[in-house]
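Asks: Listed below, chain by chain, are the residues.
Protein chains: 4
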Amino acid sequence: MRTWGIGTALLLLAACAVVASGAASQDLKKWQKGKGWGWVWGPQDEVGSLNEMTDASRLAALRIAKTGKVYDLGILYDRTSYKWPGHSPGEIISFRTPEGVKRQADSPALVTDNPTGTAWHSCALFLNDNIATQIDGLGHATEGADDHWYNGFKEKDWGGNWGPRKCDASTIPPIVARGVMIDVAGAKGVDSLAPNTAIGVADLEEALKKQGTELRPGDVVLIRTGTLRHWGEAGADHAKIGPADSAGITLEAAKWLVEEKGAMMIGSDTSGLEYGPKPEETKAYREKYKSFMPVHNYLLIQQGVHIGEFHTLEELARDKAYEFGYVCATNKIKGSTAGFTLRPLAIR
Amino acid sequence: MRTWGIGTALLLLAACAVVASGAASQDLKKWQKGKGWGWVWGPQDEVGSLNEMTDASRLAALRIAKTGKVYDLGILYDRTSYKWPGHSPGEIISFRTPEGVKRQADSPALVTDNPTGTAWHSCALFLNDNIATQIDGLGHATEGADDHWYNGFKEKDWGGNWGPRKCDASTIPPIVARGVMIDVAGAKGVDSLAPNTAIGVADLEEALKKQGTELRPGDVVLIRTGTLRHWGEAGADHAKIGPADSAGITLEAAKWLVEEKGAMMIGSDTSGLEYGPKPEETKAYREKYKSFMPVHNYLLIQQGVHIGEFHTLEELARDKAYEFGYVCATNKIKGSTAGFTLRPLAIR
Amino acid sequence: MRTWGIGTALLLLAACAVVASGAASQDLKKWQKGKGWGWVWGPQDEVGSLNEMTDASRLAALRIAKTGKVYDLGILYDRTSYKWPGHSPGEIISFRTPEGVKRQADSPALVTDNPTGTAWHSCALFLNDNIATQIDGLGHATEGADDHWYNGFKEKDWGGNWGPRKCDASTIPPIVARGVMIDVAGAKGVDSLAPNTAIGVADLEEALKKQGTELRPGDVVLIRTGTLRHWGEAGADHAKIGPADSAGITLEAAKWLVEEKGAMMIGSDTSGLEYGPKPEETKAYREKYKSFMPVHNYLLIQQGVHIGEFHTLEELARDKAYEFGYVCATNKIKGSTAGFTLRPLAIR
Amino acid sequence: MRTWGIGTALLLLAACAVVASGAASQDLKKWQKGKGWGWVWGPQDEVGSLNEMTDASRLAALRIAKTGKVYDLGILYDRTSYKWPGHSPGEIISFRTPEGVKRQADSPALVTDNPTGTAWHSCALFLNDNIATQIDGLGHATEGADDHWYNGFKEKDWGGNWGPRKCDASTIPPIVARGVMIDVAGAKGVDSLAPNTAIGVADLEEALKKQGTELRPGDVVLIRTGTLRHWGEAGADHAKIGPADSAGITLEAAKWLVEEKGAMMIGSDTSGLEYGPKPEETKAYREKYKSFMPVHNYLLIQQGVHIGEFHTLEELARDKAYEFGYVCATNKIKGSTAGFTLRPLAIR
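First to last, the sequence lines map onto chains A, B, C and D. Counting with the working numbering, you get residues 11 to 358 for the letters of the first sequence. Counting with the working numbering, you get residues 11 to 358 for the letters of the second sequence. Counting with the working numbering, you get residues 11 to 358 for the letters of the third sequence. Counting with the working numbering, you get residues 11 to 358 for the letters of the fourth sequence.
Excised from the complex, chain A in its bound form:
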């Protein structure tokens, strides 16, 4: 009985430890070291590497939490917020206000038959779906003369007027996974990386070593450049954010993360994750990489790996919180090309 007592207790503790360590995430279904994923999930798949999630991997991610502290990785959006200029602008406009409801009396019963003078606020929003804290859907980037995206879906078959009809952001499952923050800016001892900083494999390895973090297959990997240190309240200081926003990972770093480390999703605190060359180097860069956004081509189209953008990592950096449970669910809007104005959570 004593033995049972001790034994059972120890077994339970051991079970607990295993779960908490996230060991389950090491046995991925389709990932191959040296190759990553690709179009391996069947011809109708719209989910990509996120298919790797299982109940066990999610449970392990949730169990990373030890204190219940939650970090909000979202940044506040308003009409002034910095975004890529190729996207449409945004307005949040009061559609109904209590004064308007009462003055217009366009719903007479709500005005006359209403002793407490109850009314409401609601807003009409005109937004682009690539704003603030985002997760790119696998239909966001296209390539080729046939304009195909992940898994070979082609514009002539699956394009539309109301967004792509395959791999829109509503197909992104809720993401619950082990998250790792790689604080490149921190490892370099700077608040924010210089504009046009290319983050290569060595930079990631150096930062991981300094912070003592190990990557595991199935991770959501978030890379900190420090760009969002300039966000302020709502991203109005474009002159500061814009240049910083060009720091990012190289194609080689993206490949290393996916093919060697099994990163299931990769994000950063910039609007595009990837390195942007200086104007005078742009032409040569595009000739070499054959695209103006080779990391997007590689991750979204070729590997089926989602990209996280404008995730603020400042508070995680301050707390040296490098490992966490990452929880995020995108807006459920048919045809949208990305989740937007999100608040991914890092739970600890």
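Simulated from the structure, these hints should not be mistaken for lab results. Relax, there's no trap hidden among the hints.
The list treats identical chains as one, so a pair stands whether inside a single copy or across any two.
Capping the alpha-carbon separation at 16 Å, the derived lysine to aspartate or glutamate pairs in EDC-like fashion look like this:
| no. | residue 1 | residue 2 |
| --- | --- | --- |
| 1 | 166 | 156 |
| 2 | 79 | 65 |
| 3 | 293 | 123 |
| 4 | 79 | 329 |
| 5 | 300 | 123 |
Please arrange chains B, C and D on chain A, whose structure you already have, making use of the hints.
Replies: Same frame as chain A, but now just chains B, C and D:
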């Protein structure tokens, strides 16, 4: 040493058990039985009852998860989706498409200097902020000749053209709490409650008893009417959804949940949570309750308790999953009056 | 001197009479009886039959005015207005209001440094470009596997994300021409034609004869069905407008107007000008005419003749004002497919 | 009979001459020299000085046309067009395209039952109502603690969520009047006036004298600064347009035009008609004039005189065409605060 072994192990197990049971949520900071909350969080507060969350309560909620199964409580939104007709309509429109990018060549460098023919999809969205799966911000409902909302914020002080400037949805903190689903439709043995069904205290008690669930202070309580059984792909069948959508809780039930049970947030699978009377009973109802939406007045304005709307509970009902960790974070858009097109998660 | 006096005066009077009669419009540049126009204006042309206008024809049209009475042929648009359900919905929303400007103080200098408390109203509009009183651009309708429109412009060459890049509504020149209203409803002695009334050549001839009007090459011909008798303030009564809106001209009537009579533009008081068959006759109709809108194919694509829609003709009918100077200029918005919310003028 | 012949002919000729000279416009209904108008049209009036138009005045204006040449005073608008930054941005977006219609097949009958492959283009527009060529409605500007506008309409009574409910742009009647262009830039011998040029009474008098034009009560007066020489295709060169746009008339000039000359509407080729001081002079200017836009306060609110903005006058200037028939009708949109993307016509 043996003693230490046993003792430590048992202590740890005990600690584990306490955490997992969510016991921490019983000691709320400001809630008073028989009274609930109200404007108790200081004159500048915009958060209301969600201030009750602590690291401990969040950790307890996360620890409810035993298998890692995640339920997505969000419903898919598109231009056809049912919503209250007083809100503005919605469109998701392709803003950029690969063919358009190439034909227009309005960014010449992206077309000519681009050997892989890389391009992209993005969408422009025109949306109301009260659509699909929602959490109402505390600035949504107003009352009185001074058009005030929660905590006494008045339109003349805090109104604006770009949404209310106090208690917008960006002030709603990430919600991580014990969630309880009360399956009223299930308890009544129907797929979906009849239109204009008033759910009172006895109905809630009956369902709780049948399903063997106990409410605890600090819970997110979700009440199932079965309305979203009619949602289909994206809510296009207004003729079915509309009538069902009028089932909901009475003011008395809302008071009981808040004042007797300490519900920190209350939601349902309808667009408005609360009971809507038949046309011929509407006038008498409004005279009695002095508002066309007395549950909103009570919860949002008077108690500072957020309302969850259009949370789909069908899968939870199928699995008889009555207790779960509820995790949801609203869009982070300044001025918005509600979180919208959300995907709250129920983790088990 | 007397002779001179008489002779000169009579000559001048005669000249006056010639101008006023609109005689100049009889010598069109490209129109051929029995054929109409077609793609006769050169391969880059985006204007079509409106190229026929000359200073002389415009002057003649202006000289039709004898009293200076002006009829406003536009109908009022708001969010409730009837339109074809395949178009996007519309909202006119207060973007800035004096109270909002002052409460927000987002432009501090405009609030503090402003002794008179000056402020302003402006609105944000979300609109479709095919609403209320319209003139369809020649890029509105397409046909063929190559999706071409007037003059052979093809989608693969001239499509775009921001509207068609050939024949948008901004290419429509200001229209000043002799206008003729054919009051078919009046000739039939009804307020409004029955739903699905097909207006054929005989109906037009009958009405023209009854009203004593002669068509001339270069005319803007407006056909009255009486549909807008149901418009009310702003077109909210869809149940009445919708059915009436299906009355319209047949393809044969359109051909007669263009090929035999030289109509330079054809319009009516419905949303689509052309006859819409009853549901049970729709399939046969489409098989016969090979399109769901053969009059659009014929006029816009094949002939380069613009279509006027939702022109209210009620007041003209009341005054039996069958001939007038028609003056209309569309919105000058690049990429728009139609002029909208217009107020064409009939001057008398 | 001879006598009758001669007499009648001469009488008719004389009548013709009177009409063509526009003499009818000298007898205005309410204008008083030295005072102008004001709130003289009755307490419900929303039209202001445009009430002066009569059949006779319109006919006289139309008869100014001698050749039938028509000048389009509108400028082309697209997403890049310069506008005051306090207005909401704009997008013209393809809502339906032939490829989209066919790929989506969301209206199956239009795709399958359609042998010619007919389809269509339409656009969704997100616009501000103060863009490109405009006419400000009398509800655009407000003043006072009670936020009133023309004729004493107050925000608390006539404000709304969907635009002001009195004096919206749909109340502006079709304008047909004698138009006079005062070419101030031409008189000064410059292409475009220097930034922050204040155009005073003497400048107007000098230009009128040089060009030999006489103002008459009831005129639409358009003042040329040359700013739209920088518009290019669609106003994308903000760096050039912005500074030039600050040239305009002083309050004294506005008063002289209205009170001494009876101008029924005043416009120019800038976005705001009135003089904008240099930054360093702004504070003193506002203290003196008690408003950041005193000409707007005076014309719109106090006098009920509409303002025309961004009317291009370049071609009129080239042709030294100083007198013309001005014809313009604003969009008929309920609640809109200005007519926008207009094409006013100058007929000669």
